Amino acid sequence: MVENMLKSSPGLYNFAIFFLFGVILLFIVLGFVTYSILAERKVMGYMQNRHGPNQVGGRFGLLQTVADVLKLLLKEDIIPKVSDKPLFIIAPVIAFAPSFMVLATIPFTDKFQFADLNVGLLYYVAVSGMTVFGVLLGGWASNNKYSLLGGARATAQMISYEIPLVMSVLGVILLSGSLNLNDIVHAQQHGWFILLQPIGFLIFLTASVAELSRTPFDLPESESELVAGYHVEYSGFRWAFFMLAEYVYLFAMTALVTILFFGGWLAPFSFLSFIPASVWFALKFCAVLFVYLWFRSTFPRMRADKLMEFAWKVLMPIALANIFLTALIKSLFF
Amino acid sequence: MTFTGEFIAFMALALVAIIGGVLLLNLNKVVHMVVALIFTFVSIAGIYILLSAEFVAAVQVLIYSGAITIIMLFGIMLTKPYDDSEAKTGKWRKILVFLGVVGFAIAVYLGIYNFDIKQQPSTLHEDNTMQIGKALYTQYIIPFEFVSVLLLAALIGAIILAKREDKEADKE
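Read top to bottom, the protein sequences are chains A and B.
Numbering of the first sequence is given in numbering that gives the first Met the number 0, commencing with residue 0 and proceeding in unit increments.
Numbering of the second sequence is given in numbering that gives the first Met the number 0, commencing with residue 0 and proceeding in unit increments.
Please keep in mind that the hints were generated in silico from the structure rather than gathered at the bench.
Every value quoted in this text rests on a predicted model; they were computed, and no experiment measured them.
Ideal Cβ positions, reconstructed from N, Cα and C, are used throughout, including at glycine.
Please note: incorrect hints may appear among the correct ones.
Here are a few chain B residues that face chain A, going by a calculated C-beta distance under 8 Å [claimed, not checked]:
#1 L26
#2 V30
#3 M32
#4 V34
#5 A35
#6 L36
#7 F38
#8 L61
#9 S64
#10 M71
#11 L72
#12 D126
Using the sequences and the hints given, assemble the complete structure.
As structure tokens, this is what we get:
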């Protein structure tokens, strides 16, 4: 249905329908964020030999995050006196908007996608790179040493890790011959790219954890050094926006890994294709998401100087070698 | 003249781009200027999309988001944080500059008012990523390689400069 809509002539009617779909997607994503935070706390809890949230909303703490969000909304909105007021207000918006924009190009199933872009993958990387403005601006506008340090760290980390991230997907692009995410999924009909690109997958996973600034690489907000990094001065709803951006990126990145390396909505074997595409996508998505949660609760934080060395001296050469190897394999066997 | 969606989108993007440029020149704090610069570059990317140059648009955002954040970091590190001093310019200079701007605007307006661009049918908008790739690696391969060598030389130069400073510091 969406596909027909995309090809029909533009008008106010179409605009209204797309707006409605956008709002629905926003609510789906908000629901995801609510329960992924709960899942994260539960997984971390069981890995650390405790139960995690189990009071609010029954045995499994199903309403814990909802209660947390309500608390955040009721909190007093504090803007520090010496902060740069306009930038302080606009920074969470700049951080959040790109995270929702990238969802437009992600094909959840063969029928559910908002924009079938020819440069889909490039669009994802380019737009997600814009969040760093929000983080750095927020850190600077707070007029606080810790938050400025956090913002500077976030900038250095995101720009450095973007390079191995892009280079590791070049292998996938070489094999599928397209930047369009739909074409990349269709190219995996006879085998997922994780089988053809194991090195690329590992680099992508590492670099994506760094891009999401989650635990082994959570230096921008490392609590033990910088209090809370770039959002020290933020509270209430504005702080919630930064957190929301982080978890929407988790959603988008998990979906992207599913599409690039696990065949998106395609069934692993053709005799299993009677199960609907959305179920396959959801299953793979949950598996990848669990890996991210698992990483968070099992790795110690990296040291700041090691972090940069790791990106430039380890990940980048391996990514370059992977491109070379992929090109060789493609010209010999395909 | 009819108000098509393309016209409205172009006007909005062009307005944001120009306002960003003007603010870049007129704001006082470095970080505010850089924010104005972000708006300019992003809306120029939007104009590329209107011209169906999606690859160029994505690359524009990709490259400049990195470049602008680096500029912002340098701006934060190398300038005073809250310097409100204003540059002083004379009255006569302002008037002369204004006359120059008006003259330039009239010249450009006269130049392009009756300028007739014939529309040619082309296939440049189809698969333009592939077309750019093919053109770069066949027809323009030698200039492309020259540019890459130039960039490599700049990179090595930067490394050498950074290293040398380190050694002198060690000697001291």
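Do the hints match the structure? See the list:
1. Evaluation of the B:L26 hint against chain A yields a violated restraint, the C-beta minimum of about 11 Å exceeding 8 Å.
2. Annotation: interface hint on B:V30 holds; nearest CB of chain A at approximately 6 Å, less than 8 Å.
3. Violation of the interface hint for B:M32 is found here, the shortest Cβ-Cβ separation to chain A being roughly 12 Å, above the 8 Å cut-off.
4. A distance limit of 8 Å between C-beta atoms decides the matter here; for B:V34 the minimum to chain A is near 7 Å, and the interface restraint holds.
5. The beta carbon of B:A35 comes no nearer than 12 Å to any beta carbon in chain A, farther than 8 Å, and the hint placing it at the interface is violated.
6. Hint status for B:L36 relative to chain A: violated, with the closest Cβ pair at about 10 Å, above 8 Å.
7. The criterion of a C-beta within 8 Å of any C-beta in chain A is not met by B:F38, whose closest approach is roughly 10 Å, and the hint is violated.
8. Annotation: interface hint on B:L61 holds; nearest CB of chain A at approximately 4 Å, less than 8 Å.
9. With a cut of 8 Å, the hint placing B:S64 at the interface with chain A holds, because the nearest CB-to-CB distance is about 4 Å.
10. Hint on B:M71 holds. Least Cβ distance to chain A is approximately 6 Å, under the 8 Å limit.
11. The interface hint given for B:L72 is met, as the beta carbon of that residue sits about 6 Å from the closest beta carbon of chain A, less than 8 Å.
12. Here the hint on B:D126 is kept, as its CB sits about 7 Å from the closest CB of chain A, short of 8 Å.
Hints 1, 3, 5, 6, 7 from the earlier list are contradicted by this structure; the remaining hints agree with it.
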